[in-house]
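A.B. asks: Start from the sequences, fold in the hints, and give me the full structure.
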Amino acid sequence: MTYLTLAATQGAFKTVTVSERTAQAFADGSWILALVYILAAVGALGALVTVVGLVLIYAERKIAAHFQCRLGPMRVGWHGILQTVADAIKLLLKEDVIPERADKAMHLLAPFLSMMATVMILGVLPYSPILQIVDLNIGVLYVTAISGFGVMGILLGGWSSNNKWSMVGAMRAGAQIISYEISATLALLVVVLFSGSMSLAEIVQSQDAGWWVWRAHGVGLVAFIIFVIAVTAEINRTPFDIPEGESELAAGFHTEYSGLRFSFFFLAEFINMFVVSAMAITLFLGGWMPFHIGTGGAFNGAMDLIPPVLWFFGKTSAVVFLIMWFRWTFPRLRVDQLMYLEWKVLLPIGFVNLFAAAVVVLYNLYPFPIIVP
Amino acid sequence: MGRVDFSDVKHETRAFAGVTVPVSVVPRFKRQTYPTRFLFSLKSLIDGMRLTFGYLVRPSKVVTRQYPENRATLKFPERYRASLKFKFDENGYQHCNGCGSCERACPNGSIILNTRKGEITGRNEIERYIWRMDSCVLCNACVEACAFGALEMSHEFENAVYDRRLLVYTLNRYAGPTANVLLKEENLEARAAMMTKLDTYGGPVPMNGHALPTVRALGSPRDEAKPDGKGAAS
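Residue numbers (our numbering), protein chains in the order written: chain A, 3 to 375; chain B, 175 to 408.
Among these hints, one or two may not hold up.
Interface residues of chain B toward chain A, partial, derived using beta-carbon atoms under 10 angstroms [claimed, not checked]: (1) 212; (2) 222; (3) 226; (4) 232; (5) 233; (6) 235; (7) 236; (8) 237; (9) 238; (10) 240.
In case anyone wonders, no lab produced these hints; they're calculated from the structure.
Each residue gets a CB set at the ideal place from its N, CA and C atoms; glycine is no exception.
C.D. replies: And the structure:
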């Protein structure tokens, strides 16, 4: 009986986060270097948000079009490659309308809350061993907590708009996101049990000898499937897009938003897709680890040549593509079906799965040693 | 949730009140068990994903046309309908004898048919066939109503004009008898004598609801427009 395993790669990749470098620079008394690191980190985050947003929106439009026998944007630039840029400029130049009866302060605040929750998660993701801004020892908890923060923006936006569509959309979003967060967290706890750590960098390192999705004997696979379904619901994408279902609610919670503020919600939605995909691969698919079969050999050597950051973005794109594939294939669920799926299907399976994972870990029922650096 | 299995339908005869009738016995609606339902729905989801992925990886399935660029090589679906046309044979003769079925079939009066008594043949023949594209909905009822195959829906869709009046077309190229009648006459000059040449915009045209000779404005009484323009104010 052979298993897919990963060769020991820890020697090759030593994890150094940007925050560690900054702390080191402070300790050495080099204030300028520390400042450079901080500014570089902030700049990189901003650039990542912009690039990921533009690329994902273009990719979504193109992929959606080809799923539906269409061509998608073709006019602006080569194969419409500048279409997203043109649309972004249009959105920035549009009038920012605030409804007269809206709660103004909250109406203005909501998109920023939504956006902030997303950007704050980007800071803790391990993009590669040397490309991580800060590695929290409770990274998984932090991500769960902050992504729950995003629903605040949606609820606030829907409530303060003083519009029935927004209101209903926001209430649905609240019910949906909070429900599905339970399943996502249960799936995520399986990985925490196996890796014995909540730090994202250490979870990636623990998959040195095999990705959790198959190394955890089916428990990991079930957890991965539950996680993907739950996070698809959490980011309000079809088939779970009832909070903004166009055919029922105009545009749901962002009906009353226009211009820049609408684009904030829109961008947050797409960055969220990137974030949940990145979380899925970090927890289950080995993060930036290369794909290996067995130990040693030419194949593994060739895989090692690909830089970790490319592995990270490649795997993330694969999961993003999967989520887009879901969106353009499945019809939207009804509200009762949505709740049925969560409370009567995913939640019981998640609990049983977590229990099974606990038994496996407790009695050491798997042949692979767990490496905790 | 459940499914009726139509492969198990039984055909038999039964007696009802002394009459024997053939009946089809459909099996009872069976409720599926939970695992069956689960697997069935999972299978349907995977089927759907396979279908959409098939579209994604086969660019030949794309139906979008890049219109202005591919103007020279445009291909139309067989039943595409863009504008009404007369069918002409190889000599340029029409098949319309002015029976008026298309005019009666037209749901909103977009076809106005004027006929005349042929001076040479002495038979009823078409004088002017007016098609109002501005009110036509391209429903194809006229083509289906025509018993002589004189009409067709063509693929010419670039019909934009700067004046509404230019949307009123005369479809026949000549006033005169059908191809059958013309071909019986061997002498070409005699044939030509039976025909009066017309052009597309030769007839009178309406504008902003004003009735004009032979063309009735939409909503105006039917008597207003009569052949040869005598009935209408000019």
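A.B. asks: For each hint, tell me whether it holds in the structure or not.
C.D. replies: Here is what the structure says about each hint:
The interface hint given for residue 212 of chain B is met, as the beta carbon of that residue sits about 9 angstroms from the closest beta carbon of chain A, less than 10 angstroms. The interface hint given for residue 222 of chain B is met, as the beta carbon of that residue sits about 5 angstroms from the closest beta carbon of chain A, less than 10 angstroms. Interface restraint check for residue 226 of chain B: the shortest CB-CB distance to chain A comes to about 5 angstroms, inside 10 angstroms, so the restraint holds. Because the beta carbon of residue 232 of chain B sits about 9 angstroms from the nearest beta carbon in chain A, less than 10 angstroms, this interface hint is met.
Taking 10 angstroms as the C-beta cut-off, the interface hint given for residue 233 of chain B holds, the closest approach to chain A being about 7 angstroms. Given hint, residue 235 of chain B at the interface with chain A, holds; its Cβ is 5 angstroms from that chain's nearest Cβ, closer than 10 angstroms. With a cut of 10 angstroms, the hint placing residue 236 of chain B at the interface with chain A holds, because the nearest CB-to-CB distance is about 5 angstroms. At about 5 angstroms, the closest approach between the beta carbon of residue 237 of chain B and any beta carbon in chain A falls short of 10 angstroms, and the interface hint on this residue holds.
Evaluation of the residue 238 of chain B hint against chain A yields a held restraint, the C-beta minimum of about 4 angstroms falling below 10 angstroms. Of the supplied interface hints, the one on residue 240 of chain B holds, with its beta-carbon coming within about 7 angstroms of a beta-carbon of chain A, less than 10 angstroms.
Of the numbered hints given earlier, the model fails none.
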